[in-house]
Amino acid sequence: MRFPEFTGEWKKSTIGSLSTKVGSGVTPRGGETVYKSEGHSFVRSQNVGWGHLQLDDIAFIDKETHLRQKNTELQLDDVLLNITGASIGRSALVNKQIAGGNVNQHVCIIRTKDNLVPAFLCNFLLSNHGQKQIDSFQAGGNRQGLNFEQIRSIKITIPSTKEQTKIATLLHLIDERIATQNKIIEDLKKLKSAIIEKEYTHKTKSNSHIGDFIEQTSKRNKNRAIQNVLSVSNRQGFIQQSEQFENRSVASDDTSSYKIVKKNNFAFNPARINVGSIARLTTFDRGIVSPMYICFRTKDTLFPEYLDYYFETKQFFTEIQKRLEGSVRQCLSFEGLCNIPLCIPTIEVQQQVGKQLSTLVQEIKLEIDFLELLQRQKKFLLHQMFI
Numbered sequence: 001m002r003f004p005e006f007t008g009e010w011k012k013s014t015i016g017s018l019s020t021k022v023g024s025g026v027t028p029r030g031g032e033t034v035y036k037s038e039g040h041s042f043v044r045s046q047n048v049g050w051g052h053l054q055l056d057d058i059a060f061i062d063k064e065t066h067l068r069q070k071n072t073e074l075q076l077d078d079v080l081l082n083i084t085g086a087s088i089g090r091s092a093l094v095n096k097q098i099a100g101g102n103v104n105q106h107v108c109i110i111r112t113k114d115n116l117v118p119a120f121l122c123n124f125l126l127s128n129h130g131q132k133q134i135d136s137f138q139a140g141g142n143r144q145g146l147n148f149e150q151i152r153s154i155k156i157t158i159p160s161t162k163e164q165t166k167i168a169t170l171l172h173l174i175d176e177r178i179a180t181q182n183k184i185i186e187d188l189k190k191l192k193s194a195i196i197e198k199e200y201t202h203k204t205k206s207n208s209h210i211g212d213f214i215e216q217t218s219k220r221n222k223n224r225a226i227q228n229v230l231s232v233s234n235r236q237g238f239i240q241q242s243e244q245f246e247n248r249s250v251a252s253d254d255t256s257s258y259k260i261v262k263k264n265n266f267a268f269n270p271a272r273i274n275v276g277s278i279a280r281l282t283t284f285d286r287g288i289v290s291p292m293y294i295c296f297r298t299k300d301t302l303f304p305e306y307l308d309y310y311f312e313t314k315q316f317f318t319e320i321q322k323r324l325e326g327s328v329r330q331c332l333s334f335e336g337l338c339n340i341p342l343c344i345p346t347i348e349v350q351q352q353v354g355k356q357l358s359t360l361v362q363e364i365k366l367e368i369d370f371l372e373l374l375q376r377q378k379k380f381l382l383h384q385m386f387i
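For the sequence shown, the working numbering puts the final residue at 387, and the numbers step up evenly by one.
Fair warning: there could be bad hints in the mix.
What the hints assert, rightly or not - Across the chosen pairs, the derived CB separations fall in these ranges:
{"id": "1", "residue 1": "Lys70", "residue 2": "Thr161", "range": "27 to 33 Å"}
{"id": "2", "residue 1": "Asp369", "residue 2": "Gln216", "range": "34 to 40 Å"}
{"id": "3", "residue 1": "Phe6", "residue 2": "Phe284", "range": "48 to 54 Å"}
{"id": "4", "residue 1": "Glu335", "residue 2": "Asp187", "range": "53 to 59 Å"}
None of these hints come from the bench; they were simulated from the model.
Where a beta carbon is used, it is the ideal one built from N, C-alpha and C, also for glycine.
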């Protein structure tokens with residue numbers, strides 16, 4: 001895939017032939033103890049993402065330490081490449097914020113000659129063509145580390161600098177749109193959390209409890225008529241067990257003792273509710289869960305969605321911690337859940353709150369779907385625009 005105005009042949013070369021510097025830095029003596037709250041940026045592998053810098057936890061070193069590592073001083077548009085550990089292959093460009101700083105021994109600096117555009121090289125390293133070569137240097141797939149000779153030997157085919165710049169500009173525009181999309185999603189999630197906390201957490205003084213509005217369900221799959229075995233994930237809620245355990249079921253051959261869960265019923269794992277393993281069934285009309293799960297449904301006075309969103313509050317998590325039992329593996333009993341205070345408004349207000357939050361959840365899902373589309377587009381272009 002090429003821009004139509006370019007027709008010249010691409011030239012085969014290596015990173016070593018197209019660079020004036022391939023090298024890394026060192027961790028200052030004393031490690032983290034010598035880091036400062038300000039000074040020269042000190043870039044570590046966690047600061048180098050897939051095509052972008054992650055500077056939330058950037059470290060700093062003082063001038064004296066910086067001068068001892070003068071040969072690793074970063075220049076604007078240097079290409080950074082992680083060369084050790086699980087993050088091998090991540091690459092990003094030096095920006096104004098970290099220019100003049102230094103790197104540790106886990107990050108390689110690649111400084112290009114005039115005939116190789118830095119942003120083009122950075123994207124090449126992230127492409128299938130670059131990543132395959134990086135992977136090939138890792139014996140047995142252990143991804144232990146890259147040395148400078150291996151980096152210099154990486155083969156790269158380049159067009160004119162004008163075409164390189166146009167390719168890099170296109171990919172940068174997509175990166176900017178991805179960053180914007182991430183911000184949109186982050187803001188929507190913050191809005192959702194703010195609405196939830198405002199709705200629930202001020203209602204702390206109450207003579208009523210969750211147990212006043214729910215009832216336990218324990219109907220079993222006695223005739224084994226239901227085959228849809230479900231688990232409760234702390235991130236995704238109810239999911240099919242085969243999905244959680246990579247296309248295999250860990251359910252017993254005899255599921256007659258499994259509990260039946262119907263749509264809008266809840267279930268939780270007593271030993272994992274403290275990490276969020278509680279959910280309302282929305283994606284299936286019914287299913288079955290392991291006998292270890294505790295299942296329940298709401299009474300007519302409590303709208304299921306209203307309770308569902310309460311389970312996302314900080315207050316609920318705090319109340320759980322007070323009621324966990326067991327010295328080795330702490331669990332929450334059904335009685336413990338029932339004893340958690342809960343003040344509810346009228347059913348009409350509950351429905352309004354549930355509808356508002358559900359609309360927001362759907363909007364977040366649509367924005368995430370669009371983000372995934374942008375990411376697939378970037379991946380496709382990385383694959384198609386480099387040879």
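Report the numbers of all earlier hints that the structure fails to satisfy, in ascending order.
4
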